[in-house]
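S.K.: Spelled out, the chains give:
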Amino acid sequence: MLKGKSIIKWVDQRYEVTKAVDFMLKKKVPVSKHSFWLYFGGVSLFFFIIQVLTGMLLLLYYRVGEDSSFESMQLIVTKVKFGWLIRSIHSWSANLMVFAVIVHMFSVYFTKTFRKPRELSWVTGMILLLLSVTFGFSGYLLPWNELAYFATKVGTDMVGSIPVIGHDMLVILRGSDTVDGATLSRFFGLHVAILPGIFTVVLAIHLIFVQVQGMSDPVEWRTIPVKERRYMPFFPNFALKDLLLWLIVLNILALLAVFFPMELGVKADAFASAPAGIKPEWYFMFMFQTLKYVPPHVFFLEGEFFGLLMFGIMGVIWFLVPFWDSGEKSKYGNTLLNVLGVLLIIYVIVLTVIGYLE
Amino acid sequence: MSEQKENIIEENATEEDIKIDGKNSLEGKSRRNFLNWLLGITSSGLALLMTYPLLRYIVPPKLRQATVSSVELGKIDDFKKGRGEIFKFGRKPGLLIRTKNGDFKAFHATCTHLDCTVQYRDDLDIIWCACHNGVFDLDGLNISGPPPEPLPKYKVIIRGDKVIVKQESDA
Numbered sequence: 001m002l003k004g005k006s007i008i009k010w011v012d013q014r015y016e017v018t019k020a021v022d023f024m025l026k027k028k029v030p031v032s033k034h035s036f037w038l039y040f041g042g043v044s045l046f047f048f049i050i051q052v053l054t055g056m057l058l059l060l061y062y063r064v065g066e067d068s069s070f071e072s073m074q075l076i077v078t079k080v081k082f083g084w085l086i087r088s089i090h091s092w093s094a095n096l097m098v099f100a101v102i103v104h105m106f107s108v109y110f111t112k113t114f115r116k117p118r119e120l121s122w123v124t125g126m127i128l129l130l131l132s133v134t135f136g137f138s139g140y141l142l143p144w145n146e147l148a149y150f151a152t153k154v155g156t157d158m159v160g161s162i163p164v165i166g167h168d169m170l171v172i173l174r175g176s177d178t179v180d181g182a183t184l185s186r187f188f189g190l191h192v193a194i195l196p197g198i199f200t201v202v203l204a205i206h207l208i209f210v211q212v213q214g215m216s217d218p219v220e221w222r223t224i225p226v227k228e229r230r231y232m233p234f235f236p237n238f239a240l241k242d243l244l245l246w247l248i249v250l251n252i253l254a255l256l257a258v259f260f261p262m263e264l265g266v267k268a269d270a271f272a273s274a275p276a277g278i279k280p281e282w283y284f285m286f287m288f289q290t291l292k293y294v295p296p297h298v299f300f301l302e303g304e305f306f307g308l309l310m311f312g313i314m315g316v317i318w319f320l321v322p323f324w325d326s327g328e329k330s331k332y333g334n335t336l337l338n339v340l341g342v343l344l345i346i347y348v349i350v351l352t353v354i355g356y357l358e
Numbered sequence: 001m002s003e004q005k006e007n008i009i010e011e012n013a014t015e016e017d018i019k020i021d022g023k024n025s026l027e028g029k030s031r032r033n034f035l036n037w038l039l040g041i042t043s044s045g046l047a048l049l050m051t052y053p054l055l056r057y058i059v060p061p062k063l064r065q066a067t068v069s070s071v072e073l074g075k076i077d078d079f080k081k082g083r084g085e086i087f088k089f090g091r092k093p094g095l096l097i098r099t100k101n102g103d104f105k106a107f108h109a110t111c112t113h114l115d116c117t118v119q120y121r122d123d124l125d126i127i128w129c130a131c132h133n134g135v136f137d138l139d140g141l142n143i144s145g146p147p148p149e150p151l152p153k154y155k156v157i158i159r160g161d162k163v164i165v166k167q168e169s170d171a
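As given, the protein sequences belong to chains A and B, one line each in that order.
Note that our numbering has the first sequence beginning at 1, numbered continuously upward.
Note that our numbering has the second sequence beginning at 1, numbered continuously upward.
Rather than coming from a laboratory, the hints here were simulated on the basis of the structure.
Honestly, I wouldn't trust all of these hints.
To be verified - If we take Cβ atoms under 8 Å as the criterion, some of the chain B residues that face chain A in the derived model are:
id: 1; residue: F34
id: 2; residue: G45
id: 3; residue: P61
id: 4; residue: I86
id: 5; residue: K88
id: 6; residue: H108
id: 7; residue: D115
id: 8; residue: V118
id: 9; residue: Q119
id: 10; residue: I126
id: 11; residue: A130
id: 12; residue: C131
As the list claims (entries may be wrong) - One side only, chain A facing chain B, incomplete, derived with CB under 8 Å:
id: 13; residue: P117
id: 14; residue: K153
id: 15; residue: M158
id: 16; residue: F271
id: 17; residue: A272
id: 18; residue: L291
id: 19; residue: P296
id: 20; residue: E302
id: 21; residue: E304
Backbone N, C-alpha and C define an ideal beta-carbon position, used for all residues, glycine too.
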């Protein structure tokens, strides 16, 4: 015990860690009926940690290349002991991570916690969401199977519809005119080096923001006397609840990975017709489905570009919500935000369901 | 013992006691401004200089590819009536259809919408893209769904009992 204390003292003399520890010990979290939603940020973080660990394990056997990607994945899921499990956890956890991030985003949106002074937490969070789906998109191609091959062709080809610079961007993205081994290398580099690097930095900034500012008090607390507001300490109460939820989530993940292992499918073949039932990842489904309804030409624009432009504009508006929101002063501000949010959710769900039913 | 002494000296010193060269003199300030300006200019110049090779690096080089002007696909009898097959035309997929009355037709198999590979549907006698439900007729015309343009054609030549497809412009 004495030894432990003297180590702490040694470190503290040099780096003043007790200040940080004191800060954490004093941290408190508001307790309200919306408290449950606060945990989704932590759950997203948990899935990210799982992704990093299982991703490292997959790297031990995965060999990128047109002639080796699919084959090495086959080796992982058939020959390597528990390879199927690691692979299944990686892809399930990827999906659940995107889901948790989306839930986290909507809960922050509807509880209006992105408002002053937390605008930049929203912005960094949105960047993390974008990075997460880019992770998903790039990782989807890596097993080099038929579905992923055509989904990537479609997904990247949309970039080509941008006027003037579209073709150059397409070539930069694919590393080639078409989706081939060059694309696979590029996506691999993106997935295992570039994205993890950027993601870790943005995540660190996001977490520092959250720690420095603390959790925001619920909007409805403005009408409640200070004495009636309830808090719980971050340590140990909130942290332990967080941990408990992580344990539950880990169990759900394990159940899904074991009983519904992800299929590898058929190897990609550039000289085969696109199979029926080709689908993107579920979180792109509403966009994929919307594009089916966009006519070939809208005004003087190509249909795909028009669709892309609309999604881009909506994305920017959503991204900048803390900066155009009229805040607490306005009478109708909250109603406007709620209506917009609900409409968006209905749109996404309806289009996604139609996409799967067709 | 000596460590203790050092601590005492540090505790008594205030921030003003610590001398930083040039911090408070007027001469130092204008020199500092000039140096800051110089630093700004050179570092942005350096950043620009580094951007150019980086941008050029991420654009893949154009590799010379063998140009294909015609491909022999096999004998007439290899192809059943009312069937379609994907063939390689250089690095690109093509679609050869033997219609129900025995004619041969060939098209670029890449959908003009979003780059998927199309297929012949014998049940509907159309060319179909599974990705977004694009439909072309047997002349390659886009008749429904999102494709913005018809499928480009290849010329089919029957030489003896052999089926050969050629680039349309070469014909």
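S.K.: So, for every hint listed, does it hold in this structure?
M.R.: Tested hints:
Hint status for F34 of chain B: violated, given a least beta-carbon distance of 34 Å to chain A, over 8 Å. Given the 8 Å rule on beta carbons, the hint for G45 of chain B is violated: about 25 Å separates it from the nearest Cβ of chain A. Taking 8 Å as the C-beta cut-off, the interface hint given for P61 of chain B is violated, the closest approach to chain A being about 10 Å. Satisfaction of the interface hint for I86 of chain B is found here, the shortest Cβ-Cβ separation to chain A being roughly 5 Å, below the 8 Å cut-off.
A hinted interface residue such as K88 of chain B counts as satisfied when its beta carbon comes closer than 8 Å to some beta carbon of chain A; here the least separation is about 6 Å, so the hint holds. Taken as an interface hint, H108 of chain B does not check out: its beta carbon lies about 13 Å from the nearest beta carbon of chain A, beyond 8 Å. Evaluation of the D115 of chain B hint against chain A yields a held restraint, the C-beta minimum of about 4 Å falling below 8 Å. With a least beta-carbon distance of about 6 Å to chain A, the hint placing V118 of chain B at the interface is held under the 8 Å criterion.
The criterion of a C-beta within 8 Å of any C-beta in chain A is met by Q119 of chain B, whose closest approach is roughly 3 Å, and the hint holds. At about 13 Å, the closest approach between the beta carbon of I126 of chain B and any beta carbon in chain A exceeds 8 Å, and the interface hint on this residue is violated. Taking 8 Å as the C-beta contact cut-off toward chain A, the hint placing A130 of chain B at the interface holds, the least distance being around 5 Å. Interface hint at C131 of chain B: satisfied, since its Cβ lies 5 Å from the closest Cβ of chain A, which is below the 8 Å cut-off.
Among the interface hints, the one on P117 of chain A is violated; its C-beta lies about 29 Å from the nearest C-beta in chain B, farther than the 8 Å criterion. For the restraint placing K153 of chain A at the interface with chain B, the shortest Cβ-Cβ distance is roughly 5 Å, inside the 8 Å limit, so the hint holds. A least Cβ separation of about 7 Å between M158 of chain A and chain B falls short of the 8 Å threshold, and the interface hint therefore holds. For the restraint placing F271 of chain A at the interface with chain B, the shortest Cβ-Cβ distance is roughly 5 Å, inside the 8 Å limit, so the hint holds.
For the restraint placing A272 of chain A at the interface with chain B, the shortest Cβ-Cβ distance is roughly 6 Å, inside the 8 Å limit, so the hint holds. The interface hint given for L291 of chain A is met, as the beta carbon of that residue sits about 7 Å from the closest beta carbon of chain B, less than 8 Å. Hint on P296 of chain A holds. Least Cβ distance to chain B is approximately 4 Å, under the 8 Å limit. At a threshold of 8 Å, the smallest CB-CB gap from E302 of chain A to chain B is about 6 Å, leaving the interface hint in force.
A least Cβ separation of about 6 Å between E304 of chain A and chain B falls short of the 8 Å threshold, and the interface hint therefore holds.
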